[in-house]
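Novice: Read top to bottom, the protein sequences are chains A and B.
For the working numbering, count along the first sequence from 1 and bump the result up by 855.
For the working numbering, count along the second sequence from 1 and bump the result up by 5.
Simulated from the structure, these hints should not be mistaken for laboratory data.
Please note that a few of the clues may not be correct.
Derived DEER-like restraints, expressed as beta-carbon distance ranges [stated by the list, open to error]: (1) B/His71 - A/Glu891: 16 to 22 Å; (2) A/Lys908 - B/Asp51: 39 to 45 Å; (3) B/Lys70 - A/Pro895: 37 to 43 Å; (4) A/Ala893 - B/Lys19: 39 to 45 Å; (5) B/Lys10 - A/Pro895: 19 to 25 Å.
Partial chain A-side listing against chain B, Cβ under 7 Å, derived [said to hold, decoys possible]: (6) Val876; (7) Leu898; (8) Val903.
Glycine residues also receive a C-beta, built at the ideal position from the N, C-alpha and C atoms.
Below are the chains, spelled out letter by letter.
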Amino acid sequence: MLRADVIEAIEFPELSARYKVYSVPKIVINESVQFEGAYPEKLFVDKVIEAVK
Amino acid sequence: MSILKDKEREYVKKHLEKLTNPVKLVLFTQEFECQFCKEARELCEDISSLSGMVTIEVYDFTADKHKVEQYDIKRIPAIVIEGDRDYGIRFYGIPTGYEFFTIIEAMIDVSNGKTGLTETTKDRVRSLTKPVHIQVFVTPT
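Starting from the given sequences, assemble the full structure and let the hints guide the process.
Specialist: Here it is, written out as structure tokens:
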């Protein structure tokens with residue numbers, strides 16, 4: 856049910872451009888939710904759940 | 006050739022002592038390796054040489070279509086961290102700098118079959134009924 860990719864932004868410039876990666880860490884969940892920065896665990900899970908609503 | 010410096014090798018070796026079950030690094034590269042592919046392979050070889058619990062499997066992104074599909078690999082270099090099953094963890098590109106520690110931590114979690122997540126988080130994640138794809142973009146800082 857869950858897939859997690861760590862992507863080296865500089866090595867994949869096309870992908871980084873597609874998701875408008877201007878600062879890291881940048882997190883994209885199911886195309887629908889995006890955010891920047893290191894979120895605390897609870898908030899991160901909030902975002903995961905928001906993505907599948 | 007070794008990618009890791011002596012000090013890093015020591016660090017990795019010490020941390021890999023925490024592995025309790027076998028871990029497989031499944032690497033996707035290509036016959037004529039790009040610079041990053043070559044470095045990713047050397048890094049995997051370095052890591053596996055430091056622990057009897059770590060093995061590597063190397064596949065060709067073009068030739069090994071079956072494996073590319075099985076692991077749903079989108080680009081190379083790609084490294085799948087697999088334990089008793091595929092937990093869905095992939096690293097695209099070379100995990101250097103801070104990300105290097107992330108890959109070691111991921112290996113430890115996969116090997117031991119546990120994470121530092123709270124019970125609340127685990128329950129919430131278990132209750133997911135639709136597929137979730139998390140992509141974390143990082144840079145080698």
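Novice: None of the hints should be skipped; say for each whether it holds.
Specialist: Consistency of the hints with the structure:
1. B/His71 - A/Glu891: 16 to 22 Å: For B/His71 and A/Glu891 the Cβ distance comes to about 37 Å; the hint is violated.
2. A/Lys908 - B/Asp51: 39 to 45 Å: holds, 42 Å
3. B/Lys70 - A/Pro895: 37 to 43 Å: The hint (37 to 43 Å, Cβ to Cβ) holds, given that B/Lys70 and A/Pro895 are roughly 41 Å apart.
4. A/Ala893 - B/Lys19: 39 to 45 Å: violated, 25 Å
5. B/Lys10 - A/Pro895: 19 to 25 Å: violated, 33 Å
6. Val876: A/Val876 check passes; min Cβ-Cβ to chain B is 5 Å, inside 7 Å.
7. Leu898: Violated - the Cβ of A/Leu898 stays beyond 7 Å from chain B, reaching only about 11 Å at its closest.
8. Val903: Holds - the Cβ of A/Val903 comes within 7 Å of chain B, reaching about 6 Å at its closest.
Checked against the numbered hints above, the structure violates hints 1, 4, 5 and 7; every other hint is satisfied.
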